[in-house]
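Visitor: Take a look at the letters that make up each chain.
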Amino acid sequence: MTTPIQEKQAVIIKFAGDSGDGMQLTGGLFTDDTAISGSDLATFPDFPAEIRAPVGTIAGVSGFQLHFGSQRIYTPGDRFDVLVAMNAAALKVNIKLVRKGGTVIINEDGFDSKNLRLAKYDESQNPLDDNTLEGFEVIKIPVTKMTREAISESTLGTKEKDRCKNMYVLGFLLWRYNRSMDTTMKFLTSKFKNKPEILDANHKALMAGYHLGDTMEEFNDRYTVKPAQLAPGKYRSIMGNDAIVLGLITATKKLGLPLFYGSYPITPASSILHSLSKYKNYGVRTFQAEDEIAAVASAIGASYGGSLGITGTSGPGLALKGEAIGLAVMLELPLVVIDVQRGGPSTGLPTKTEQSDLMQALYGRNGECPLPVVSCSKPSDCFEAAMEACRIAVQHMTPVILLSDGYIANGAEPWRYPKASDIPEMKVSFAKQQDDGSHFMPYQRDEKLARAWAIPGTPGLVHRVGGIEKEDVTGNISYDPANHEHMVKTRERKVEMIADYIPEQKIESGHESGSLLLLGWGSTFGVCESVTNSLTQLGYSVGHAHLRYLRPFPRNLEELMRRFDKVVIPEINNGQLVKVIRDKYLLPAVPFNKIQGTPIAHEELFDFALNLVDKG
Amino acid sequence: MAIDSNPNGVPYTLKAKDFATDQDVRWCPGCGDYSILKQVQTVMADLGKQPHETVFVSGIGCSSRFPYYMETYGLHSIHGRAPAFASGLKIANPNLSVWVITGDGDALSIGGNHFMHLLRRNFDLNLLLFNNQIYGLTKGQYSPTSEEHKKTPSTPYGSIDHPVNPIALALGSDATFVARSMDRDPKHLKDMLVRADAHRGTSFLEIYQNCNIFNDGAFEVFTEKDSKPDTTLLLESGQPLVFGKEREKGIYLDGFTPRVVDLAAGGLTKDDLWVHDDTDQLKANILARFFDSPTEGANALPRPFGVFYQTDRPCYEEQVHQQLNATISSLGEGDLDKLLAGGSTWEIK
Numbered sequence: 001m002t003t004p005i006q007e008k009q010a011v012i013i014k015f016a017g018d019s020g021d022g023m024q025l026t027g028g029l030f031t032d033d034t035a036i037s038g039s040d041l042a043t044f045p046d047f048p049a050e051i052r053a054p055v056g057t058i059a060g061v062s063g064f065q066l067h068f069g070s071q072r073i074y075t076p077g078d079r080f081d082v083l084v085a086m087n088a089a090a091l092k093v094n095i096k097l098v099r100k101g102g103t104v105i106i107n108e109d110g111f112d113s114k115n116l117r118l119a120k121y122d123e124s125q126n127p128l129d130d131n132t133l134e135g136f137e138v139i140k141i142p143v144t145k146m147t148r149e150a151i152s153e154s155t156l157g158t159k160e161k162d163r164c165k166n167m168y169v170l171g172f173l174l175w176r177y178n179r180s181m182d183t184t185m186k187f188l189t190s191k192f193k194n195k196p197e198i199l200d201a202n203h204k205a206l207m208a209g210y211h212l213g214d215t216m217e218e219f220n221d222r223y224t225v226k227p228a229q230l231a232p233g234k235y236r237s238i239m240g241n242d243a244i245v246l247g248l249i250t251a252t253k254k255l256g257l258p259l260f261y262g263s264y265p266i267t268p269a270s271s272i273l274h275s276l277s278k279y280k281n282y283g284v285r286t287f288q289a290e291d292e293i294a295a296v297a298s299a300i301g302a303s304y305g306g307s308l309g310i311t312g313t314s315g316p317g318l319a320l321k322g323e324a325i326g327l328a329v330m331l332e333l334p335l336v337v338i339d340v341q342r343g344g345p346s347t348g349l350p351t352k353t354e355q356s357d358l359m360q361a362l363y364g365r366n367g368e369c370p371l372p373v374v375s376c377s378k379p380s381d382c383f384e385a386a387m388e389a390c391r392i393a394v395q396h397m398t399p400v401i402l403l404s405d406g407y408i409a410n411g412a413e414p415w416r417y418p419k420a421s422d423i424p425e426m427k428v429s430f431a432k433q434q435d436d437g438s439h440f441m442p443y444q445r446d447e448k449l450a451r452a453w454a455i456p457g458t459p460g461l462v463h464r465v466g467g468i469e470k471e472d473v474t475g476n477i478s479y480d481p482a483n484h485e486h487m488v489k490t491r492e493r494k495v496e497m498i499a500d501y502i503p504e505q506k507i508e509s510g511h512e513s514g515s516l517l518l519l520g521w522g523s524t525f526g527v528c529e530s531v532t533n534s535l536t537q538l539g540y541s542v543g544h545a546h547l548r549y550l551r552p553f554p555r556n557l558e559e560l561m562r563r564f565d566k567v568v569i570p571e572i573n574n575g576q577l578v579k580v581i582r583d584k585y586l587l588p589a590v591p592f593n594k595i596q597g598t599p600i601a602h603e604e605l606f607d608f609a610l611n612l613v614d615k616g
Numbered sequence: 617m618a619i620d621s622n623p624n625g626v627p628y629t630l631k632a633k634d635f636a637t638d639q640d641v642r643w644c645p646g647c648g649d650y651s652i653l654k655q656v657q658t659v660m661a662d663l664g665k666q667p668h669e670t671v672f673v674s675g676i677g678c679s680s681r682f683p684y685y686m687e688t689y690g691l692h693s694i695h696g697r698a699p700a701f702a703s704g705l706k707i708a709n710p711n712l713s714v715w716v717i718t719g720d721g722d723a724l725s726i727g728g729n730h731f732m733h734l735l736r737r738n739f740d741l742n743l744l745l746f747n748n749q750i751y752g753l754t755k756g757q758y759s760p761t762s763e764e765h766k767k768t769p770s771t772p773y774g775s776i777d778h779p780v781n782p783i784a785l786a787l788g789s790d791a792t793f794v795a796r797s798m799d800r801d802p803k804h805l806k807d808m809l810v811r812a813d814a815h816r817g818t819s820f821l822e823i824y825q826n827c828n829i830f831n832d833g834a835f836e837v838f839t840e841k842d843s844k845p846d847t848t849l850l851l852e853s854g855q856p857l858v859f860g861k862e863r864e865k866g867i868y869l870d871g872f873t874p875r876v877v878d879l880a881a882g883g884l885t886k887d888d889l890w891v892h893d894d895t896d897q898l899k900a901n902i903l904a905r906f907f908d909s910p911t912e913g914a915n916a917l918p919r920p921f922g923v924f925y926q927t928d929r930p931c932y933e934e935q936v937h938q939q940l941n942a943t944i945s946s947l948g949e950g951d952l953d954k955l956l957a958g959g960s961t962w963e964i965k
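Protein chains in written order, with our numbering: chain A, 1 to 616; chain B, 617 to 965.
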């Protein structure tokens with residue numbers, strides 16, 4: 001029989017199961033298929049810090065949230081339309097976020113007495129039988145049993161067979177959203193090309209799940225989401241860390257410099273190292289150093305030698321790199337330091353997102369140690385932000401910190417990727433031997449106050465640099481009091497002058513002036529956009545500006561902010577940008593903060609902003 | 617300032633003084649560092665090094681001021697991390713002649729981690745460790761190579777730290793060239809510097825260096841004419857281990873136990889002695905253990921100087937570039953458009 005197909009504007013699905021259930025993969029594959037179907041989308045993977053927390057427990061629940069639709073999608077969404085719960089713990093953690101009337105797809109086999117006990121349900125309680133699921137559409141499928149049956153002929157062991165149950169679920173969802181299995185099959189075929197037995201089992205499980213929809217009459221509903229009205233062009237799906245990788249490679253190619261990436265594995269930055277190490281044929285040199293300090297030091301050494309030295313880390317690693325970054329400020333050499341922020345302090349929440357390293361990026365070094373700070377606002381934006389960080393580092397001879405966060409790093413969205421030829425070349429110049437044979441002055445500066453990049457191997461330019469204060473122009477060691485103050489001021493002015501070489505701040509959406517400005521940076525971009533849209537639609541004069549450049553700020557920032565009665569700064573921290581803005585402009589910006597390791601939800605910020613504009 | 621070459625690119629023949637900078641050398645008068653600086657400058661000239669192709673990289677400490685006095689490229693970095701800066705530099709430009717200058721505190725205390733990893737990776741560079749068994753720049757605290765019970769400003773009742781054995785640590789890190797010399801023997805030092813430079817891979821040279829302000833005479837027993845013959849053992853590959861004023865003593869290897877034998881006593885002869893083989897890693901490990909006092913105890917062993925061990929192993933930076941080239945050969949030069957498009961794409965018209 002054919003099931004009628006209903007059209008939906010947008011859907012929020014949460015895949016939730018045990019860390020070993022393969023929910024990240026299921027979510028990722030469904031996302032890939034969704035992207036190709038033309039929807040706009042945003043994702044939010046949320047997983048425990050433990051690789052395999054005890055099976056079946058609340059601590060072990062791993063989730064993948066996907067919001068897709070035929071309209072612009074800015075955030076992964078607040079409340080789920082559909083929850084896939086592979087076990088009792090996954091249901092317990094997530095049921096409170098399913099919207100009333102939403103759908104809950106349950107793996108019945110994950111609700112036996114053991115699973116219920118591990119999920120800490122009361123002895124007498126089974127959420128499948130009591131009123132827990134009242135008000136929801138409930139689809140119960142014995143996924144484990146059905147998967148085992150679908151691949152009963154396979155010679156794989158039970159454990160391996162059970163690993164295919166995520167494909168069974170994926171198959172069912174592909175059917176439900178009126179998709180084909182092609183993209184997923186392509187992926188499986190390439191992943192398991194040397195393991196035909198596993199490929200066959202996964203394929204069969206996928207098909208069985210898909211056909212379940214066709215054959216079981218109780219599942220009446222199938223849905224389709226029309227392609228979103230995105231600008232014409234070629235698209236791909238992109239995750240934040242991958243976009244950083246593409247941005248770094250593109251920038252170094254456009255600069256004509258070898259890319260050196262020194263890094264030490266740390267969540268959630270490691271995948272930058274993984275990806276870059278694959279691209280050796282693009283001239284990328286990767287170096288897994290012995291620690292965070294060696295990672296940044298090797299990158300500075302590479303920059304000293306004429307490569308573009310880059311290092312990537314997260315908050316704890318940035319803390320360790322502080323002294324070496326200070327040296328790079330003194331050496332005035334290009335360096336890009338990527339900080340994919342996570343919950344802190346200390347080890348904090350390694351797999352959760354936070355924007356709490358802004359102060360560390362701006363000020364977290366000994367001495368007067370200014371450097372430019374650039375931030376990424378969403379997965380696809382990482383591409384341009386990374387290119388900008390490289391450009392500034394090289395053209396202004398300075399270390400640059402690029403801030404991303406766990407939410408952007410692991411989130412995915414469609415990206416209208418550029419043609420290589422449309423990206424302008426970037427200029428870089430190395431010092432050459434002086435014709436008149438005069439002594440090379442390593443700290444002579446150009447109009448940007450940048451010194452020359454003089455690399456070892458170049459005849460006639462031998463000179464010494466180091467971390468001790470140096471005399472202006474000559475670079476000789478100097479303990480002269482007046483010279484030190486002059487050098488401190490010069491290094492600061494050099495960084496502040498970068499404002500002349502970056503674009504002015506613009507309003508992303510909403511009004512150019514009015515009652516309220518949402519001023520964001522980093523991964524709050526989506527929620528600022530959606531809240532601005534909602535409030536403008538209600539007739540409020542609200543605007544959204546999003547800062548890419550956190551030091552120096554764009555020249556027109558103060559003027560832009562003063563066009564609004566109120567400025568709200570939403571941040572996933574305890575209020576950091578808001579302090580900088582208040583300090584610099586003496587402007588009573590209002591903080592809005594959430595420090596729970598998760599993105600700010602639309603309704604949270606909406607309610608807060610509405611309350612402010614209503615008060616007038 | 618030395619000019620590298622005439623306008624036609626032909627290098628001038630450089631002398632030791634051409635490797636000296638116009639900066640005042642600011643080590644304390646009488647410091648052992650002066651002797652090392654002089655020998656390094658001499659060796660640079662002797663080896664025909666070009667200043668612009670030579671880089672001195674250092675950490676922090678008295679010894680780490682060294683680059684400011686060499687008319688070459690120089691990077692005075694941060695405490696303990698010079699090996700990491702040098703690693704990145706060698707990957708960026710494998711053709712440079714790189715010399716890492718470090719001290720016992722810099723290399724073995726704050727930089728202990730990097731020291732080990734540099735040696736095992738085997739970058740093609742030279743690591744000169746100026747060991748004076750004391751912290752000089754911070755005014756006299758004990759260092760990781762200081763002897764036990766040493767009284768210093770931070771150990772008024774005597775140090776309870778057991779000292780590190782740099783040669784054993786280097787061998788334990790699978791270094792491919794391990795040698796020891798001293799500031800007071802310029803000829804030997806020069807010879808060791810030349811051999812360190814000739815070795816492809818990380819050449820580790822420990823140099824006993826006298827700090828005449830905070831630890832004067834720490835190595836006196838090895839450097840002074842009267843005691844030197846009986847306390848030092850000059851290693852020469854292929855030669856038996858002989859020492860003493862009249863070269864009347866030798867080392868006999870009794871199983872795994874080295875014993876001092878008196879050749880004049882009429883028992884064992886030169887032919888029975890341990891013949892040094894600088895490619896034998898196992899025996900190098902035993903030699904590294906000649907680390908106790910050379911004057912105390914019944915079987916007091918002399919301190920070896922020279923090349924303990926050397927072997928050939930591919931250099932790290934060489935392999936980085938081999939892998940890079942191999943990938944380009946098999947996959948072709950990376951195409952930016954392909955990179956940007958990635959795996960699956962779709963078009964919106």
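Think of the hints as simulated: they come from the structure by calculation, not from any bench.
Every residue, glycine too, gets a C-beta built ideally from N, C-alpha and C.
Don't take each hint at face value.
Claimed, not checked - Under the rule of at most 30 Å between Cα atoms (straight-line distance), these lysine-lysine pairs were calculated in the BS3-like manner:
1) B/K965 to A/K280
2) A/K226 to A/K254
3) A/K254 to B/K965
4) A/K427 to A/K278
5) A/K427 to B/K954
6) A/K566 to A/K579
7) A/K254 to B/K954
Unchecked claim - Some residues of chain B that are not near chain A, with every Cβ distance over 10 Å (derived):
8) K803
9) R811
10) F838
11) V876
12) K886
13) S909
14) P930
Visitor: Would you mind marking each hint as holding or not holding in the structure?
Guide: Structure-based check of all given hints:
{"no.": "1", "hint": "B/K965 to A/K280", "in the structure": "violated (34 Å)"}
{"no.": "2", "hint": "A/K226 to A/K254", "in the structure": "violated (38 Å)"}
{"no.": "3", "hint": "A/K254 to B/K965", "in the structure": "holds (29 Å)"}
{"no.": "4", "hint": "A/K427 to A/K278", "in the structure": "holds (26 Å)"}
{"no.": "5", "hint": "A/K427 to B/K954", "in the structure": "holds (23 Å)"}
{"no.": "6", "hint": "A/K566 to A/K579", "in the structure": "holds (15 Å)"}
{"no.": "7", "hint": "A/K254 to B/K954", "in the structure": "holds (15 Å)"}
{"no.": "8", "hint": "K803", "in the structure": "holds (28 Å)"}
{"no.": "9", "hint": "R811", "in the structure": "holds (24 Å)"}
{"no.": "10", "hint": "F838", "in the structure": "holds (32 Å)"}
{"no.": "11", "hint": "V876", "in the structure": "holds (40 Å)"}
{"no.": "12", "hint": "K886", "in the structure": "holds (45 Å)"}
{"no.": "13", "hint": "S909", "in the structure": "holds (34 Å)"}
{"no.": "14", "hint": "P930", "in the structure": "holds (16 Å)"}
The structure fails hints 1 and 2 (numbered hints given earlier, in ascending order).
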